[in-house]
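Q: Please build the complete structure, drawing on both the sequences and the hints.
Residue numbers (this note's numbering), protein chains in the order written: chain D, 197 to 394; chain S, 124 to 324.
I should point out that these hints are in silico values taken from the structure, not numbers from a laboratory.
The structure displayed is predicted, hence computed values, not measured ones.
Glycine included, every Cβ here is placed at the ideal spot set by N, Cα and C.
Don't take every hint at face value.
Listed below are the simulated BS3-like cross-link pairs for lysine-lysine, each with C-alpha atoms no more than 27 angstroms apart in a straight line [as the list claims (entries may be wrong)]:
no., chain 1, residue 1, chain 2, residue 2
1, S, Lys-276, D, Lys-249
2, D, Lys-389, D, Lys-244
3, S, Lys-276, D, Lys-244
4, S, Lys-148, S, Lys-276
5, D, Lys-389, S, Lys-148
6, S, Lys-276, D, Lys-389
7, D, Lys-249, D, Lys-389
8, D, Lys-249, S, Lys-148
9, S, Lys-148, D, Lys-244
Just a few of them, taken from the derived set where beta-carbon distance is under 8 angstroms, the chain D residues facing chain S [said to hold, decoys possible]:
no., residue
10, Gly-217
11, Asp-252
12, Asp-274
13, Thr-278
14, Phe-282
15, His-286
16, Gly-300
17, Ile-344
One-sided and incomplete, this derived list gives chain S residues near chain D with beta-carbon spacing under 10 angstroms [said to hold, decoys possible]:
no., residue
18, Asn-182
19, Cys-254
20, His-272
21, Lys-276
22, Ser-277
23, Ser-286
24, Asn-296
25, Lys-319
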Amino acid sequence: MATYASIKYDMDLSSNATGTGAMTLLSTQTASSSSTISFTSGIDSTYKEYVFKFYDIHPATNDTELQVGFRDGSTAYDATKTTTYFNSLHYENDSATSLAYVAGHDQAQATGFLKIITTGLGNDNDQSCAGELILYDPSNTTFVKHFISRGTAAHQEDLTQDVFVAGYCNVTAAIDGVQFKMSSGDIDSGVIKLYGIS
Amino acid sequence: MATYQDSRYNIALPSGAGGSLVHIKTIAASSDSTISFVDGTSDVVLDNTYRTYIFKFINIHAGSDDVLFSVGFRDGSTAYDATKTTTLFQTEHNESDSGTPVFTYATGDDLAQGTGFQVMTRNLGTGNDECASGELWLFNPSSTTYVKHFMFKSNINSNDDSSDASYGAGYCNVTAAIDAVQFKFNSGNIDAGTFKLYGIA
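A: This is the structure:
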C-alpha cells in the first residue's frame with residue numbers, strides 16, 4: 197500500500213505555485229583527499245542544460261589546476277575537445293595586472309583533461325578556487341556539446357585570477373559522465389554540486 | 124474558511140525542488156526567420172514580475188552558412204529597434220591548432236547608440252553538428268527610469284571549424300520599458316534550436 201510519504205510529492209504543481217523552480221539540485225559531492233570527483237549518473241536527456249558549481253576547491257599540491265574531462269561512451273573521460281581560455285589577474289601587492297589569452301591552457305581536438313580554473317592554484321590553508329561550468333544538451337547525438345565556464349582562484353603567487361573557458365566536445369555521441377581532478381595531486385577538500393535546468 | 128484550493132501548495136517541497144529560477148517559456152525553432160518573446164503573448168511574461176530575466180539558447184543551428192546570431196529589444200513600437208550601446212569581445216581557437224588563437228575586442232560588431240540587432244556570436248556554419256549555445260541576461264526591463272542592462276555569453280562551432288566564444292554587455296539606452304526580445308540571424312533562418320526564458324524571483 198502506498199504511504200503518504202511515498203506519494204506526497206507525486207503531484208502536479210500549477211504554474212503559479214510558489215517555491216517551484218527550474219534549477220534542480222541533482223548531486224552534491226564533497227572532496228576529501230580525492231583523486232577524482234565523478235558524476236556518472238543523472239546526466240542525460242532530462243535537462244537541456246546542466247550546471248556544475250565549485251565551492252572552495254582546495255588542492256593537496258601547490259601550483260596545480262582544476263581540470264575537467266567528459267565521458268562519451270567508454271569508461272574514459274576522453275571526449276575530444278576544442279576550447280579557448282583567457283584570464284585576468286591582479287596581485288595582492290598591486291604589483292601587476294593582466295588580461296590575456298593563455299595558449300598553453302586551451303585545447304585543439306585534444307582528449308586530455310581540460311584546465312578550467314587558474315594557472316597555478318595555491319595550497320595555502322586559505323587558498324582555493326570557485327566557479328561554475330555550464331554543459332549544454334549533453335545527450336544530444338546530432339550536435340557538438342558546448343560548455344562555458346568561469347572561475348576565480350587564489351593563485352599560489354598570491355594573486356586573484358578570473359578565468360574564462362569555453363569550447364565544445366567535438367563528438368556526436370552523448371556525454372554521460374563528467375569528472376574533475378587536479379592537474380597533479382588530490383583534491384584535498386571542496387564541494388561540487390550538479391544542477392539540472394528545466 | 125480555508126479551502127483545499129487555498130492550502131494545497133502550502134507544503135514542504137523535497138530537497139532540490141524549490142528555487143528562484145522560474146521557467147516561463149520554451150520555444151523550439153524550426154526554419155524560423157525570427158524567434159520572439161513578447162510579453163503577454165503565448166504565456167510569455169516579460170514585465171515587472173521579475174527583476175532579472177534569462178534567455179537560454181541551446182543548439183541553435185543556422186539555415187545559412189557564415190552567419191551571425193543576434194538579438195533585438197522592443198521598446199514601445201512593434202519594431203525591435205531599441206537604441207543600444209554595447210561591448211563585445213571574442214575568442215577563437217581552430218580545431219587544427221593552426222595560427223594564433225584570437226582574443227579580441229570586436230569593434231565591428233559592437234554598437235554605439237545603434238538600433239540594429241546586437242551580434243552575439245562569431246560566424247556559424249551549417250555543418251550538421253555545428254551550432255551555438257549560450258545565454259542572455261536582461262535586467263529590470265520594465266523600469267521606466269533607467270537604461271536596461273543586459274549581458275550575454277555564447278560558444279559556437281564555427282563555419283571554419285573553430286571554437287569561438289563571445290562575451291557581450293550593454294544597455295538599451297531608453298527609459299521606455301522593454302516588453303519583447305527577438306532573436307535572429309543576420310541572414311537566413313534559424314534552422315533548429317531551443318530557446319528558453321526564465322525569471323529570477
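Q: Decide, hint by hint, whether the structure agrees.
A: Right, here's what the structure says about each hint:
In summary, the hint linking Lys-276/S to Lys-249/D is supported, as the alpha carbons are separated by about 18 angstroms, within the 27 angstroms threshold. Annotation: proposed proximity of Lys-389/D to Lys-244/D holds, straight-line Cα distance about 17 angstroms (limit 27 angstroms). For a cut-off of 27 angstroms, the pair hint linking Lys-276/S to Lys-244/D stands: about 17 angstroms separates their Cα positions. In summary, the hint linking Lys-148/S to Lys-276/S is supported, as the alpha carbons are separated by about 20 angstroms, within the 27 angstroms threshold.
As the CA atoms of Lys-389/D and Lys-148/S are separated by approximately 26 angstroms, the hinted pair is consistent with the 27 angstroms bound. With a CA separation close to 22 angstroms, the supplied pair Lys-276/S and Lys-389/D stays within the 27 angstroms bound. Under the criterion of a C-alpha separation no larger than 27 angstroms, the hint pairing Lys-249/D with Lys-389/D is consistent with the structure, at around 5 angstroms. For a cut-off of 27 angstroms, the pair hint linking Lys-249/D to Lys-148/S stands: about 25 angstroms separates their Cα positions.
This hinted pair checks out: Lys-148/S and Lys-244/D have alpha carbons roughly 14 angstroms apart, not beyond 27 angstroms. A hinted interface residue such as Gly-217/D counts as satisfied when its beta carbon comes closer than 8 angstroms to some beta carbon of chain S; here the least separation is about 2 angstroms, so the hint holds. The interface hint given for Asp-252/D is broken, as the beta carbon of that residue sits about 21 angstroms from the closest beta carbon of chain S, more than 8 angstroms. Using the Cβ-Cβ criterion of 8 angstroms, the hint placing Asp-274/D at the interface with chain S is not satisfied: the shortest such distance is roughly 16 angstroms.
Proximity of Thr-278/D to chain S holds as hinted, the smallest CB-CB distance being about 4 angstroms (cut-off 8 angstroms). Given hint, Phe-282/D at the interface with chain S, holds; its Cβ is 5 angstroms from that chain's nearest Cβ, closer than 8 angstroms. The beta carbon of His-286/D is not positioned within 8 angstroms of any beta carbon in chain S (closest approach about 18 angstroms), and the interface hint is therefore violated. The beta carbon of Gly-300/D comes no nearer than 11 angstroms to any beta carbon in chain S, farther than 8 angstroms, and the hint placing it at the interface is violated.
Residue-level restraint check for Ile-344/D holds (minimum Cβ-Cβ distance to chain S is 5 angstroms; threshold 8 angstroms). Among the interface hints, the one on Asn-182/S holds; its C-beta lies about 5 angstroms from the nearest C-beta in chain D, closer than the 10 angstroms criterion. Interface hint status for Cys-254/S: upheld, as the beta-carbon distance to the closest one in chain D is roughly 5 angstroms, under 10 angstroms. At a threshold of 10 angstroms, the smallest CB-CB gap from His-272/S to chain D is about 18 angstroms, leaving the interface hint violated.
Using the Cβ-Cβ criterion of 10 angstroms, the hint placing Lys-276/S at the interface with chain D is satisfied: the shortest such distance is roughly 6 angstroms. Among the interface hints, the one on Ser-277/S holds; its C-beta lies about 8 angstroms from the nearest C-beta in chain D, closer than the 10 angstroms criterion. With its C-beta approaching chain D no nearer than about 4 angstroms, Ser-286/S sits inside the 10 angstroms limit, and its interface hint holds. A cut of 10 angstroms between beta carbons decides the hint on Asn-296/S: the least distance to chain D is about 26 angstroms, and the hint is violated.
A distance limit of 10 angstroms between C-beta atoms decides the matter here; for Lys-319/S the minimum to chain D is near 7 angstroms, and the interface restraint holds.
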